[in-house]
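Participant: Work out the full structure: start from the sequences and follow the hints.
Letter by letter, the chains look like this.
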Amino acid sequence: MEVPMMSRRWFRICGAAITVAMIALIGWSIATENAVVPIPTVLGGIVLLYLLRRQVKDVVEDERNYRISEKASRSAIQVFALIAAITGITLTAVSTEDSSLSREVGLTLAFCACGLLVLYMISYAYHSRKS
Amino acid sequence: MPTIVEKVRKHLGKMKNKLKVYRAMHDLTQDALAQKLGITRQTVLSIEKEKYDPSLELAFKIANLFNVTIEDIFSYRTNRDNT
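From first to last, the protein sequence lines are chains A and B.
Taking this note's numbering, I'd label the letters of the first sequence as residues 1 to 131.
Taking this note's numbering, I'd label the letters of the second sequence as residues 132 to 214.
Everything labelled a hint here was simulated from the structure, so no lab data went into it.
Quick caveat: nothing in here was measured; it's all calculated off a predicted structure.
Each residue gets a CB set at the ideal place from its N, CA and C atoms; glycine is no exception.
One thing to keep in mind: the hints can contain errors.
[Stated by the list, open to error] Label pairs and their computed distance ranges (CB to CB):
| no. | chain 1 | residue 1 | chain 2 | residue 2 | range |
| --- | --- | --- | --- | --- | --- |
| 1 | B | D203 | A | T19 | 38 to 48 Å |
| 2 | B | K192 | A | S102 | 53 to 63 Å |
| 3 | A | V36 | B | I201 | 54 to 64 Å |
| 4 | B | K167 | A | A35 | 22 to 32 Å |
| 5 | A | V60 | B | K182 | 19 to 29 Å |
| 6 | B | D162 | A | R129 | 34 to 44 Å |
| 7 | A | A35 | B | K192 | 42 to 52 Å |
Facilitator: This is how it looks when you write it as structure tokens:
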């Protein structure tokens with residue numbers, strides 16, 4: 001059976017609808033403390049979006065989109081790493097023996113920031129060697 | 132005496148292009164041109180408004196499409212050129 005091709009506009013609408021449905025399902029599973037639903041929801045959403053993407057006849061992304069993504073990713077990483085590191089260090093520093101939760105949150109944030117920066121450095125080195 | 136920043140600024144230029152002119156000469160819409168080049172209409176619009184400088188590959192594609200050289204469509208002007 002041949003599936004009709006889809007325009008870029010319809011792809012965006014369908015993509016947004018799938019994303020909203022995924023968020024609603026994940027939110028519902030958190031509210032009802034259901035740990036099984038989120039995994040198939042995310043996987044199903046990714047597969048559905050991939051299948052939809054293949055049906056689009058128009059150009060969905062081009063070099064300008066890639067360049068915008070690069071800039072957006074770079075600034076998002078910088079902002080997140082900075083905020084996570086400062087918040088993490090502050091929480092760890094101000095935590096007392098009674099407030100072990102703030103220390104744990106602080107350490108988690110600080111390690112997240114470090115992990116992200118390490119991942120960025122590895123990715124940078126890989127792409128630098130490739131080009 | 133000009134500072135280093137001022138000196139650099141003086142040398143900074145801007146890409147100019149005549150894409151809109153060539154598109155009109157060939158009676159093409161932004162959509163049609165985008166389809167021929169395999170890019171989105173927004174990218175054509177951004178290039179025409181000189182908000183986005185295309186890659187060398189895309190610049191060659193555009194020049195080949197209109198059967199002209201890259202220099203016919205794109206030019207690079209420094210601030211010194213304008214004064």
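Participant: Assuming the hint says 34 to 44 Å, is it satisfied by the Cβ distance from D162 (chain B) to R129 (chain A) or not?
Facilitator: Holds - the Cβ-Cβ distance for D162 (chain B) and R129 (chain A), about 39 Å, lies within 34 to 44 Å.
Participant: Does the Cβ distance between K167 (chain B) and A35 (chain A) fall inside 22 to 32 Å?
Facilitator: 51 Å, violated
Participant: When you take the CB atoms of D203 (chain B) and T19 (chain A), is the distance between them in 38 to 48 Å?
Facilitator: At 44 Å between Cβs, range holds.
Participant: For the range 19 to 29 Å, tell me whether the beta carbons of V60 (chain A) and K182 (chain B) fit it or not.
Facilitator: Taking Cβ atoms as reference, V60 (chain A) and K182 (chain B) lie about 20 Å apart, which means the hint holds.
Participant: Could you check the hint for me, namely that V36 (chain A) and I201 (chain B) are 54 to 64 Å apart, CB to CB?
Facilitator: Since the Cβ atoms of V36 (chain A) and I201 (chain B) sit about 57 Å apart, the hinted range of 54 to 64 Å holds.
Participant: Given the range 53 to 63 Å, decide if the beta-carbon distance of K192 (chain B) to S102 (chain A) lies inside it.
Facilitator: 56 Å, holds
Participant: State, for the Cβ atoms of A35 (chain A) and K192 (chain B), whether the hinted interval 42 to 52 Å holds or is violated.
Facilitator: 50 Å, holds
Hint 4 from the earlier list is the only one contradicted by this structure; the remaining hints agree with it.
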